[in-house]
Structures are given as structure tokens and as C-alpha cells.
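If you read the protein sequences in the order shown, they are chains A and B. If you want our numbering, it's the 1-based position in the first sequence plus 55. If you want our numbering, it's the 1-based position in the second sequence plus 2.
Heads up, some of the hints might be wrong.
Pair ranges (Cβ atoms, derived) [what the hints assert, rightly or not]:
no., chain 1, residue 1, chain 2, residue 2, range
1, B, Gly175, A, Thr245, 46 to 52 angstroms
2, A, Leu114, B, Glu225, 52 to 58 angstroms
3, A, Cys82, B, Arg238, 39 to 45 angstroms
4, B, Arg7, A, Thr163, 38 to 44 angstroms
5, B, His4, A, Leu228, 52 to 58 angstroms
6, A, Phe146, B, Glu225, 34 to 40 angstroms
7, B, Arg166, A, Lys59, 47 to 53 angstroms
Cross-link-like lysine to any residue pairs, in silico, SDA-like; alpha carbons within 20 angstroms at most [stated by the list, open to error]:
no., chain 1, residue 1, chain 2, residue 2
8, A, Lys122, B, Arg102
9, A, Lys122, B, Asp6
10, B, Lys191, B, Glu231
11, A, Lys122, B, Arg166
12, A, Lys122, B, Leu110
13, A, Lys122, B, Ile10
14, A, Lys62, A, Leu241
15, A, Lys122, B, Lys239
16, B, Lys191, B, Pro181
17, A, Lys122, B, Arg177
18, B, Lys239, B, Ala30
19, A, Lys122, B, Lys191
Sample of chain A residues with no beta-carbon within 12 angstroms of chain B, all distances over it, derived [what the hints assert, rightly or not]:
no., residue
20, Leu65
21, Val81
22, Thr118
23, Asn178
24, Leu207
25, Thr210
26, Pro224
Source of the hints: derived by calculation from the structure; they are not laboratory data. Note that the Cβ used here is the ideal one computed from N, Cα and C, for glycine as well.
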Amino acid sequence: MATKLKKIVLDPLSENNPVTIQILGVCSALAVTVKLQTALVMAISLTTVTAFSNLAISLLRNTIPSKIRMIVEMVVVSVLVILADQLLRAFLYDVSRQLSVFVGLIITNCIVMGRLEAFALSNPPWPSFLDGLGNGLGYSSVLIVVAAVRELLGTGALLGFRVLPESYPTNGLLLLAPGAFMVLGLLIWTQRTLAGIRKDD
Amino acid sequence: MHNDRYVIGYAATLCVVASLLLAVASAALRGRQERMVELDRQFNVLKAFGAPVADAAGRRSVPNDEVARLYRERVREMFLDGATGEPRTNAAPSAAELERKTVLPLYLWLEDGAPAKYAFPTSGKGLWSTIYGYLALDRTLSEVVGITFYRHGETPGLGGEVERSWFQQQFAGQRIHGPNGLLRLEVAKGRVADRYPNGNPQAVDGISGATMTGNGLNGFLNEDLERYERYFSRIRKG
Chain A
56 MATKLKKIVL DPLSENNPVT IQILGVCSAL AVTVKLQTAL VMAISLTTVT AFSNLAISLL
116 RNTIPSKIRM IVEMVVVSVL VILADQLLRA FLYDVSRQLS VFVGLIITNC IVMGRLEAFA
176 LSNPPWPSFL DGLGNGLGYS SVLIVVAAVR ELLGTGALLG FRVLPESYPT NGLLLLAPGA
236 FMVLGLLIWT QRTLAGIRKD D
Chain B
3 MHNDRYVIGY AATLCVVASL LLAVASAALR GRQERMVELD RQFNVLKAFG APVADAAGRR
63 SVPNDEVARL YRERVREMFL DGATGEPRTN AAPSAAELER KTVLPLYLWL EDGAPAKYAF
123 PTSGKGLWST IYGYLALDRT LSEVVGITFY RHGETPGLGG EVERSWFQQQ FAGQRIHGPN
183 GLLRLEVAKG RVADRYPNGN PQAVDGISGA TMTGNGLNGF LNEDLERYER YFSRIRKG
């Protein structure tokens with residue numbers, strides 16, 4: 056049982072990564088990765104929402120009428136996302152302004168809904184919570200890598216602290232949307248190759 | 003299979019529980035959220051005045067308490083009537099009046115009890131969004147001391163550069179008033195050095211790829227300067 060639970064958490068980090076393997080949640084992965092700080096806050100928000108919505112739906116799974124299954128899921132996710140957004144506004148005002156609509160848009164993130172449908176509806180609470188956590192962390196790891204590359208090469212700093220010498224010619228392209236596409240594309244390629252996944256699998 | 007009554011009851015219960023949760027959270031956090039918004043406003047006014055609250059990149063470098071203390075000690079607020087430029091004495095204006103600019107807020111930076119700098123909020127359309135900022139002027143109301151844009155929805159990396167310090171710092175020292183009256187501030191298309199080989203003390207370098215955002219600034223910065231001029235001209239005369 057322990058190994059199975061471990062697999063639930065670790066699988067989405069690499070072999071079944073929601074972003075690089077399933078290509079879900081790409082929109083926000085491109086939008087909030089200009090700086091590491093916003094990416095970290097987004098990562099924490101999404102991981103929390105995914106884990107707790109999985110937990111909530113799993114607890115309710117035997118009572119939810121199948122006719123309004125998805126509406127119930129949306130309500131649970133929305134409540135959690137609004138709570139996360141309100142907390143950010145109260146405690147991390149600057150970051151919440153930079154993330155602008157993207158915290159709110161976690162509601163429509165395919166990863167959240169996907170895990171509820173694929174896992175939480177048919178599994179007990181504890182594994183569901185871990186599944187949400189694992190998928191959240193899988194998304195987070197991609198976000199953090201992309202954001203670190205973009206901030207480091209785009210501005211020469213990490214988390215706002217200068218890392219590369221002043222003489223480093225910053226690469227503005229990486230801060231723009233095409234830079235995000237390139238970094239994410241390269242990451243997907245690298246990660247799939249390392250995980251041994253081919254197109255015809 | 004659940005019957006219809008169960009489904010409706012379930013949906014209703016869920017809605018009530020969800021609303022209750024959100025209402026409680028909203029009520030519990032509102033005070034703190036409003037304080038953060040207010041602190042952010044104070045920080046941006048202080049930043050426009052050039053007070054030591056931000057680092058070279060324009061980010062807040064001092065704790066919240068320091069921002070609140072500086073603002074309390076050095077900044078005074080007053081309101082002008084938008085039509086006449088007369089100072090208003092009655093109660094605080096409504097959000098709608100501020101939005102329509104029928105009431106104009108003015109901030110004074112005090113040195114030894116006398117106003118040494120003046121700042122006012124400025125806002126208007128860029129390319130995609132309304133840009134909000136503060137413009138601060140010196141004691142004689144003829145030079146810009148500082149400018150800050152703190153909220154906008156322009157394209158990051160293009161029009162969004164208005165929030166960067168390299169762009170904002172160019173405004174310091176720009177002339178807005180000369181012997182013949184008000185001068186027009188200008189965000190040039192391209193570099194000032196290319197466009198005005200002999201120099202131009204009212205123009206700043208534009209942002210490449212963001213001409214429309216620059217045009218927006220040219221419009222609303224000068225419109226707002228004209229709005230306040232009715233009051234400023236009186237101060238200049240003494």
C-alpha cells in the first residue's frame with residue numbers, strides 16, 4: 056500500500072507530468088513564469104487547490120448526484136480558488152497584483168478538473184489528497200524550472216537578487232511570451248526523452 | 003440513481019454552504035485587504051515624491067510601518083474642485099467623483115511645515131487598459147520630480163514597460179511650465195536624441211513596440227496637467 060501511495064505522488068512529477076506529458080495547464084504555465092516569485096506563489100496556490108478539491112470531492116463522492124457532478128466539482132474548486140485569491144490579496148498584495156487574473160483562472164485549469172474526474176470521484180480521501188498533491192507538484196516543478204530559466208537569462212537575477220555579473224547582456228526575448236514557448240518546448244522535449252516516452256507509445 | 007428532489011436539495015445545500023464559507027472569509031479578510039490597498043497607494047505617492055521607500059528597480063524597500071509613518075508625517079492631502087480648481091473644504095469625495103475627475107486629489111510633501119513638492123493622481127487609456135499613476139512636481143510647479151505608474155494592463159515587455167524604473171526615471175527634471183505657460187510633456191516615438199537632435203526638455207524616450215501606449219500617455223498626462231493648472235497657476239503667482 057505504501058509503495059502505491061508513493062507512486063501516486065511521484066508519478067505526476069515525471070512519467071505522468073500534467074504539463075510536459077499531458078500538456079495541461081500550459082496557458083498559466085506560460086503566463087506566470089516571467090519571474091520566479093510569481094511562479095512559486097502560483098505553484099503553491101494550484102497545489103493547495105488541487106489537493107484540497109480532490110480531498111473534498113473524494114469525501115463527497117458517494118453523495119454527489121451524477122447529473123450535477125461537474126457543477127458540484129466547479130463549486131468546490133471555485134470556493135477554494137476564491138479563498139486562495141482572498142488570502143493572497145490580504146497577505147501578499149504585490150504578488151497577487153502581478154498574478155492578476157491567473158489565480159482566479161485556476162478554476163478553469165484542466166489539471167484540477169481532470170484529477171477530480173479521473174481520480175477523486177472513484178478513490179478514497181487520503182489517496183485522492185496525495186494524487187492532487189502529486190499533480191500540483193508536477194505542475195509546480197515545471198513552472199519553477201521555466202520561471203528560473205526565464206528570470207535568470209532574461210534579467211540576470213533570481214527572486215530579484217542579481218546572480219549573473221552586471222556585464223551579462225540580458226535577453227529580453229525570454230521575458231516575452233515567445234521565450235516562454237521556447238523554454239517550455241525545450242523542457243517538454245528534454246523531459247519526455249529522459250522519461251523514455253516516444254510519440255507512438 | 004438519485005431522484006430529482008435529492009438533486010435539487012443537494013445543489014441548494016451546496017450553494018448555501020459555499021456562500022457561507024466565502025462570506026465568512028470575505029468578512030474576516032476585508033480589513034486587512036483594505037489596509038494593503040491603502041498602503042500601496044501611500045507607497046506610490048511617496049515613490050512619486052522621490053521619498054526613500056523604493057530600491058533602484060522601483061520595488062518597496064522599507065517595511066509597511068515605515069511607509070505609513072513617512073506618509074503620516076510628510077504628506078498632506080487636499081481636494082480641488084474639478085471645474086473651478088478651488089480647494090474643496092467639505093467631506094471626502096466619492097469614488098465616482100474621483101473616477102470622473104470632477105474632484106481632484108492633490109498631495110503636498112511638507113518640508114519644515116511648508117509644501118515643497120506637489121503630486122496628483124493621473125490616469126487614462128493606454129493601448130489595452132487604463133493606466134494609473136502619480137505625477138509629482140517641484141516647489142515652483144514647473145518641473146517633474148517623479149512619476150510612477152502602478153496599475154495597468156498593457157502588454158508585458160512592451161507597453162508594460164511603463165512600470166519600469168528606466169522609463170519612469172526619465173521624467174524627473176522634465177519641464178512642464180515655462181514663461182509662456184504650460185508646456186506639453188511628450189513620450190517620443192523612438193529616442194529623443196533621434197527625433198530632436200537639438201534636445202527637447204519636455205520629451206522622454208518612448209518604448210519600442212509600444213507607440214500606442216506612449217500616445218495614450220501623451221494624451222492623459224497633459225490633460226491632467228491642464229486640469230490642475232487652474233489651481234497651480236494661482237500657487238505660482240503666490
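Outcome of the hint check:
1. At about 49 angstroms, the CB distance of Gly175 of chain B to Thr245 of chain A agrees with the hint of 46 to 52 angstroms.
2. At roughly 57 angstroms, the beta-carbon separation of Leu114 of chain A and Glu225 of chain B lies within the given 52 to 58 angstroms, and the hint holds.
3. At roughly 52 angstroms, the beta-carbon separation of Cys82 of chain A and Arg238 of chain B lies outside the given 39 to 45 angstroms, and the hint is violated.
4. Separation of Arg7 of chain B from Thr163 of chain A is about 31 angstroms and departs from the stated range, judged on CB atoms against 38 to 44 angstroms.
5. Checking the proposed 52 to 58 angstroms range against His4 of chain B and Leu228 of chain A shows it holds: the Cβ atoms sit about 55 angstroms from each other.
6. Evaluation of the 34 to 40 angstroms hint for Phe146 of chain A and Glu225 of chain B yields a pass: the beta carbon distance comes to about 37 angstroms.
7. Take Arg166 of chain B and Lys59 of chain A: their Cβ atoms lie about 50 angstroms apart, and the range 47 to 53 angstroms holds.
8. Between Lys122 of chain A and Arg102 of chain B the alpha-carbon distance is near 48 angstroms, which puts this suggested pair outside the 20 angstroms criterion.
9. The hinted pair formed by Lys122 of chain A and Asp6 of chain B meets the criterion: a straight-line CA distance of about 10 angstroms does not exceed 20 angstroms.
10. For the hint pairing Lys191 of chain B with Glu231 of chain B, the CA-to-CA distance comes to about 26 angstroms; that exceeds 20 angstroms, so the pair is violated.
11. Simply put, Lys122 of chain A and Arg166 of chain B have alpha-carbon atoms about 51 angstroms apart, too far for the 20 angstroms limit, and the pair is violated.
12. A distance of roughly 62 angstroms separates the Cα atoms of Lys122 of chain A and Leu110 of chain B; the hinted pair therefore is violated under the 20 angstroms criterion.
13. Using a Cα cut-off of 20 angstroms, the hinted pair Lys122 of chain A and Ile10 of chain B holds, with the two alpha carbons roughly 11 angstroms apart.
14. A distance of roughly 26 angstroms separates the Cα atoms of Lys62 of chain A and Leu241 of chain A; the hinted pair therefore is violated under the 20 angstroms criterion.
15. Straight-line distance between C-alpha atoms of Lys122 of chain A and Lys239 of chain B comes to about 75 angstroms, which puts the hinted pair past the 20 angstroms bound.
16. This hinted pair does not check out: Lys191 of chain B and Pro181 of chain B have alpha carbons roughly 27 angstroms apart, beyond 20 angstroms.
17. With a C-alpha separation of about 67 angstroms, the suggested pair Lys122 of chain A and Arg177 of chain B falls outside the 20 angstroms cut-off, and the hint is violated.
18. Distance restraint check for Lys239 of chain B and Ala30 of chain B: the Cα-Cα separation of roughly 50 angstroms exceeds the 20 angstroms cut-off, and the hinted pair is therefore not satisfied.
19. With a C-alpha separation of about 58 angstroms, the suggested pair Lys122 of chain A and Lys191 of chain B falls outside the 20 angstroms cut-off, and the hint is violated.
20. No Cβ of chain B approaches the Cβ of Leu65 of chain A within 12 angstroms, the least distance being about 32 angstroms, so the stated non-interface status holds.
21. Chain B leaves Val81 of chain A outside its interface by the beta-carbon criterion, the shortest separation being 17 angstroms against a cut-off of 12 angstroms.
22. The non-interface label for Thr118 of chain A is inconsistent with chain B: the shortest C-beta to C-beta separation is roughly 7 angstroms, within 12 angstroms.
23. Under the 12 angstroms C-beta cut-off, the non-interface status given to Asn178 of chain A relative to chain B holds; the minimum distance is some 21 angstroms.
24. The claim that Leu207 of chain A is not at the interface with chain B holds, since no C-beta of that chain comes within 12 angstroms of its own (minimum 16 angstroms).
25. With a least CB separation of 9 angstroms from chain B, Thr210 of chain A falls inside the 12 angstroms interface cut-off, contrary to its annotation.
26. No Cβ of chain B comes within 12 angstroms of the Cβ of Pro224 of chain A; the nearest lies about 15 angstroms off, and the non-interface call holds.
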